[in-house]
Amino acid sequence: MKKPLIAMIVIFTLLLVWAIVFWQPTAGKSGAHLPLGLAEAPKGGDFTLHSANGPLSLHDLKGKVVLLYFGYTFCPDICPTSLAFNSQALATLDKTELDKVQMLFVSVDPERDTLDKLKAYTAYFHPSILGLSGTPEEIAKAAKLYGASYARQETGSAGGYVVDHSAYTYVIAPDGSLFKSLDHGTPPPQVVEAIRAAMKKG
Amino acid sequence: MTTKFHSIRIIACVLGTLIAAPVLAGPAAESVSANDPYVRMAPPGMTVTGSFMVLKNADNKDHKLVKAESPVAKVVELHTHTNEGGVMKMRPVKDIEIKAQGEAVLKPGGLHVMLIGLKQELKEGNNVPITLTFEDGSRKKIEAPVRQIQTEMKMNMEMKHDHEGMKH
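Line by line, the protein sequences give chains A and B.
Numbered by the numbering used here, the letters in the first sequence go through residues 1 to 202 in order.
Numbered by the numbering used here, the letters in the second sequence go through residues 1 to 168 in order.
Hints are not guaranteed to be accurate.
[To be verified] For lysine-lysine, the following DSS-like pairs were computed, each having C-alpha atoms within a straight-line distance of at most 27 Å:
hint	chain 1	residue 1	chain 2	residue 2
1	A	K180	A	K62
2	A	K119	B	K154
3	B	K123	B	K107
4	A	K119	B	K89
5	A	K180	A	K43
6	B	K89	A	K141
7	A	K180	B	K89
8	B	K74	B	K107
9	B	K107	B	K67
10	A	K144	B	K89
11	B	K123	A	K64
12	A	K117	B	K74
13	B	K67	B	K89
14	A	K100	B	K74
15	B	K67	A	K117
16	B	K119	B	K107
17	B	K123	A	K117
18	A	K119	B	K74
19	B	K119	B	K67
20	B	K123	A	K119
21	B	K89	A	K43
22	A	K95	B	K154
23	A	K119	B	K119
[Claimed, not checked] Pulled from the structure, derived: some chain A residues nowhere near chain B, Cβ distances all over 12 Å:
hint	residue
24	G45
25	T48
26	D60
27	K95
28	E97
29	D99
30	L118
31	E137
32	E138
33	A173
34	V192
35	E193
36	A194
37	M199
38	K201
Because the hints were derived from the structure by calculation, they are not lab data.
Quick caveat, the model's predicted, so the values are computed rather than measured.
Yeah, the Cβ is synthetic: ideal placement off N, Cα and C, and Gly gets one too.
Work the whole structure out from these sequences, hints included.
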């Protein structure tokens with residue numbers, strides 16, 4: 001009577017054994033590529049870059065909470081999502097609070113992102129966001145301080161190269177020290193919470 | 001007795017599926033539906049953007065989306081995003097598989113239809129025609145409304161809210 005059930009259990013067990021012996025996670029294969037890990041743990045620190053309004057250093061923003069993000073405008077998906085979430089957080093702040101916050105969008109694609117393009121791009125999300133760029137060396141220096149990683153990749157897409165990049169938002173306290181790194185897709189209420197906590201620090 | 005009955009039922013189900021599958025299998029475009037498609041409005045001056053949707057396969061066999069075209073863009077490609085240890089990587093993909101009786105979710109941060117070289121500025125409310133081609137060559141024409149990212153986020157939050165509400 002119970003034969004079919006026993007047979008099913010046997011087949012299932014054999015499948016399970018086969019799976020354990022032969023299954024290889026695909027993640028193992030990517031080890032063959034050059035891994036693009038995060039550069040290093042973020043330390044924070046001062047840097048100088050350029051906006052459409054002229055040069056800007058982090059120390060110019062002393063007394064403000066700074067949200068720092070590294071991305072590029074050709075990115076159709078990740079950067080707009082991060083910017084939209086952070087913008088919504090900025091929109092939640094009252095005017096006195098907003099005056100003490102500065103969001104910076106640093107381009108990791110200086111070849112295509114001109115300062116004017118960055119200005120129009122960031123303003124679309126929130127008028128207070130500043131788009132920054134610089135020489136590849138200046139950008140690399142700033143990115144290194146925050147452990148932001150990026151690498152230009154040819155993918156065969158007709159749209160040209162893409163830039164792989166980490167998508168954290170670094171929250172910098174009013175005293176210029178790194179307060180917190182927020183993961184990509186952190187919901188606006190948590191961004192607001194982090195901004196307010198950072199304000200108390202300085 | 002119950003065990004035997006149960007086994008017979010399982011066998012009947014399996015046989016039924018095997019027999020029914022070839023009969024039901026029509027062109028992929030007829031079995032696959034594109035639900036809630038939209039195009040994300042590109043920020044000013046930007047000539048690339050993504051289109052997102054949920055592809056549902058009512059068929060008993062797997063299907064593949066192999067190509068997308070649209071008159072609003074110079075080039076349309078199928079792309080995905082992967083998150084490898086915090087690093088976001090965007091890559092073109094050859095096709096997007098839609099499992100039998102399953103779905104493929106094209107959403108921000110993952111699979112998307114990439115519109116490259118927009119020929120015109122897309123405004124919220126515009127409808128973007130997109131033609132989807134499947135592995136058997138069958139095609140499906142859809143219209144995807146343009147949504148501002150803020151609208152998109154609001155809709156997502158409302159959906160989440162409804163979902164949470166349902167749990168109570």
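For each hint, the structure was consulted:
1. A:K180 <-> A:K62: Holds, because 17 Å separates the two Cα atoms, which is no more than 27 Å.
2. A:K119 <-> B:K154: Holds, at roughly 25 Å.
3. B:K123 <-> B:K107: Holds, at roughly 20 Å.
4. A:K119 <-> B:K89: With Cα atoms ~24 Å apart, A:K119 and B:K89 stay inside 27 Å; holds.
5. A:K180 <-> A:K43: holds (10 Å)
6. B:K89 <-> A:K141: Distance ~22 Å between B:K89 and A:K141 Cα, so the pair holds.
7. A:K180 <-> B:K89: holds (23 Å)
8. B:K74 <-> B:K107: holds (22 Å)
9. B:K107 <-> B:K67: With Cα atoms ~17 Å apart, B:K107 and B:K67 stay inside 27 Å; holds.
10. A:K144 <-> B:K89: holds (19 Å)
11. B:K123 <-> A:K64: At roughly 35 Å apart (the allowed maximum being 27 Å), A:K64 and B:K123 break the hint.
12. A:K117 <-> B:K74: holds (21 Å)
13. B:K67 <-> B:K89: Answer holds: B:K67 to B:K89 is near 21 Å, not above 27 Å.
14. A:K100 <-> B:K74: Between A:K100 and B:K74 the Cα gap is close to 43 Å, so the pair fails against 27 Å, i.e. violated.
15. B:K67 <-> A:K117: violated (31 Å)
16. B:K119 <-> B:K107: holds (23 Å)
17. B:K123 <-> A:K117: holds (19 Å)
18. A:K119 <-> B:K74: holds (25 Å)
19. B:K119 <-> B:K67: holds (19 Å)
20. B:K123 <-> A:K119: Given pair B:K123, A:K119 holds - Cα atoms ~20 Å apart, limit 27 Å.
21. B:K89 <-> A:K43: Status holds; Cα separation ~24 Å.
22. A:K95 <-> B:K154: Distance ~23 Å between A:K95 and B:K154 Cα, so the pair holds.
23. A:K119 <-> B:K119: Holds. A:K119 to B:K119 sits at ~22 Å (cutoff 27 Å).
24. G45: It holds; A:G45 is separated from chain B by about 20 Å at its closest Cβ, greater than 12 Å.
25. T48: holds (25 Å)
26. D60: Fine: 26 Å to the nearest Cβ keeps A:D60 off the interface.
27. K95: It holds; A:K95 is separated from chain B by about 20 Å at its closest Cβ, greater than 12 Å.
28. E97: At about 20 Å from chain B, A:E97 clears the 12 Å cut-off, so the statement holds.
29. D99: Non-interface label on A:D99 holds, nearest chain B Cβ at 23 Å vs cutoff 12 Å.
30. L118: violated (10 Å)
31. E137: holds (21 Å)
32. E138: Non-interface label stands for A:E138: nearest chain B Cβ at 21 Å, farther than 12 Å.
33. A173: holds (22 Å)
34. V192: holds (15 Å)
35. E193: Check passes; 17 Å lies beyond 12 Å.
36. A194: holds (17 Å)
37. M199: holds (25 Å)
38. K201: holds (24 Å)
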